[in-house]
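> In order, the protein sequences belong to chains A and B. Residue numbering for the first sequence follows the working numbering, beginning at 1010 and increasing consecutively. Residue numbering for the second sequence follows the working numbering, beginning at 138 and increasing consecutively.
These are calculated hints, taken from the structure and not from any lab test. Glycine included, each C-beta is placed from N, C-alpha and C at the ideal position. Honestly, I wouldn't trust all of these hints.
[Said to hold, decoys possible] Here are some of the chain A residues that sit facing chain B, going by a computed Cβ distance under 10 Å: (1) Gly1220; (2) Asp1283; (3) Ser1309; (4) Ala1311; (5) Ser1314; (6) Gly1407; (7) Gly1409; (8) Glu1442.
Single-letter residue listing:
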Amino acid sequence: MNSPLNISRRTFIKATALAVGGLVIAFSIPNAKRFLLPGIPEANAAEEGNKLPTPNAFLRIDTDNTITVMLAHSEMGQSIWTTLPMLIAEELDVDLSKVKVMHAPAAPEYIHTAYGIQITGGSSTTWSEFDRYRQAGALTRALLVNAAAKKLGVTAESIKTENGFAISGDKKISYGDLAEAAAKLETPKAVTLKQPKDWKIIGKATKRLDGPEKINGTAIFGQDIHFEGLMTAMVARSPVFGGSVKSFDASAAKKIKGVQQVVQVPSGVAVIADNYWAAKQGREALKVEWNLGPNAGLDSKALVSEYRKMAATQGLTAAKAGDIKTASAKVTKTVEAEYVLPYLAHSPMEPLNCSVKISKDACEIWTGTQMQGTDQQAAAKILGLKPEQVTIHTLFLGGGFGRRANPAADFVSEAVQVAKAAGVPVKTVWSREDDVKGGYYRPMYLHKAKIGLDANGMPATWEHTIVGQSILLGTPFEAFMIKEGVDATSVEGVADSPYLKSVPNYQVSLHTAKTAIPVLWWRSVGHSHSALVMESLIDELAHTAKKDPLEYRRALLKDHPRHLAALNLAAEKAGWGKPLPKDVFRGIAVHESFGSFVTQVAEVSVDKGVVKVHRMVCAIDCGLSVNPDSLKAQMESSISFGLGAAMQSEITFKDGMVEQSNFHDYKVMRMADMPKVEVYIVQSTEKMGGAGEPGLPPVAPAVTNAIFAATGKRIRSLPIGNQLA
Amino acid sequence: MITLNINGKDVQLDAPEDMPILWALRDVVHLTGTKFGCGMAQCGACTVHLDGQAIRSCVTPVTAAVGKKITTIEHMQNDKVGQVVQAAWSAVDVVQCGYCQSGQIMAATALLTSNKKPTDDDIDAAMSGNICRCGTYPRIRAAIHEAANKLA
Ligand code: FES
Ligand code: FES
């Protein structure tokens, strides 16, 4: 990380003069360096060595000293609006507070350095951009230094940089004054990045750059877009997934003041109006007859029974070692359990919305999206345009949690269809009910496990069957994430569990269920269910073996130092083993996901069946923490999100329809239920991992393990709800 | 035409009587700091002040505001308590996605205006109607205590 980087070998880089003066730094990573997703058309892949249009930059310095950083990723709360500029500011030697930040458009230059498409997801932004953004800063600094050296007639080595100035002796030139000259210089072949010991910004707790506008109400989210002529649409969709419009009667809807048009689109019937209120009333007045289709009998309870039947049969092998049959002789005790985890909605605070303006040979889209490239492709296809004729303006996302990263581009495609059918610019908005009922859920999962303990109480055999829908089937990710029928995201956290490494004989099997319910990654993807199961099972084994749950984990994880580091730090800070207030009990869980290692310790009491979580102590090893304060914020966030879901959230089906509709019945975390949270960061120089998701997986099992400690009852399905009543 | 007093100014607007204040603010006068989250008084994203009281503007029709004063997030920098709350929000670095925060700040300001030294229970009672999907609750609590100290 500290050696000079040979830029030309790693990336294509170009410094360009702006027409108005100033300097733009653009990068692209050659295809060969990336893992390109099959099925992503050529136009979305960066071409090496040419065609870098100047606006597609990472960094831009104007002659008025404005420094603009373009984000290849979307800000949805995780604070990359601050983290990525920190990387550039560190190398460029500028005052971070003076940096202007913008979301990048959809363009090949902004393709994810590891995933091959433009995406914000997988808790990957910081580690995947750590080199690229630092290089952009370092390269720009080198150009500015060379320009200053030329201007002052001194050597580049004699120039130092500070706070946006190149300094030689008593002479000081601002970057803005050097930008034009720098743009004309040849791009250096290599730059040296700063040594960690010289970092002034990286690793320091840094205030969010988007704080002020989000505090005074001026931050613009997709929902806030307004321009002359923009209409508002709401779409009536089939109450059953897979249903279609049989007929509709718009006469009453059209009588509502402000309703302008009612048009049919592939996903239903759109009411287009002057404003939200008129669109909403228009949609209520609209009469639609639906062909409910083959899924009108869909029922959650029946689905669980079906999954249970599947779990009793042999599935596809996801991981395997030893031979369970012959090892069974050594087994002295057996633990058998079934776990059921429900469908979950993401329900980001900002309901989905997307504004679209179509002209003869162009389309402009304003939305909050995690997947600009895919959305651009989808819009282009609908309109018969080339992808580059579709401009995506990414606004602040009022939360994403995976819902705004849809390979099917559902809400963007629908909004394009509505604007196309209406012939006017339209903002298609979702109500909260649309969001809760609209699909793309965390899939329901059933796990069945049978574990044999040896004479020492350690697992000798482990049979584990998982049943659930595949998230990646039918998406461009299928080709490399589904191997021999096994979707890696269905079994992650189990098939690759460090615990299994110490079990001589194991078999992890998968049944991929097929239903009409659209599913999608939900914050922490497969780990959102697998961690609950694995950490509950381990806890159960420890109790069966009459061992302390922490000690039991330490023994099984003895060859996994990063798990141990997170485990030990959290246990120490939580005071594991020390007395607790009366009626309060502890539970612990550790889980690796997205390259980071997190332990949660929960302190819980159960009074007359009511569970109260008092305190959560969290420790994370994610390698280098670029902004420790935003890392802590992500842990707090994951605890809230994970705990709210574990306690109360579920999406269920009856007669083909979703039973929940809004926050009164799709319940989430609220202030009064939020425990005290303490977050500790393992000082680590290990490989960087993610922050947005890894805090979540161990939350639910830490709590259910504490419930077991308190009551002796093992929670085997979520939400916890009133199971203890 | 209906006349509403918004952030100290009388504004004439063409809005049906049953239109919630939220949509009059957002879609008619284009003050978009006030957010939509649920439309049924469940999330608090739309919280504004009506004569100083925190209300859910998504379920309050414009007619209910006639002759009264509507105050929104855009006006908080001119509000004595609102300023302190915003400064505390900044000091604690509360926000994440930010979408719920206008409503949180309006609810916190109403709380601190009527209760200078709220306890944790007071905060639970006043703030539990405001959902934050990003889970900024611990920081909201800390910021309210910090603002209370500054106001003391
Ligand atoms: S939008 Fe009014 S309370 Fe949710
Ligand atoms: S900051 Fe995102 S919902 Fe509260």
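> Evaluate each hint against the coordinates.
Hints, one by one, checked against the model:
1. Residue-level restraint check for Gly1220 of chain A holds (minimum Cβ-Cβ distance to chain B is 6 Å; threshold 10 Å).
2. Hint on Asp1283 of chain A holds. Least Cβ distance to chain B is approximately 8 Å, under the 10 Å limit.
3. At its closest, the beta carbon of Ser1309 of chain A sits 23 Å from a beta carbon of chain B; the interface hint therefore is violated under the 10 Å criterion.
4. Restraint check, Ala1311 of chain A versus chain B: the minimum CB separation of about 30 Å is more than 10 Å; hint violated.
5. The beta carbon of Ser1314 of chain A comes no nearer than 32 Å to any beta carbon in chain B, farther than 10 Å, and the hint placing it at the interface is violated.
6. Hint status for Gly1407 of chain A relative to chain B: holds, with the closest Cβ pair at about 3 Å, below 10 Å.
7. Nearest Cβ of chain B to the Cβ of Gly1409 of chain A: about 8 Å, under the 10 Å cut. The hint holds.
8. Because the closest C-beta pair between Glu1442 of chain A and chain B is about 8 Å apart, less than 10 Å, the hint holds.
The structure shown violates the earlier hints numbered 3, 4, 5.
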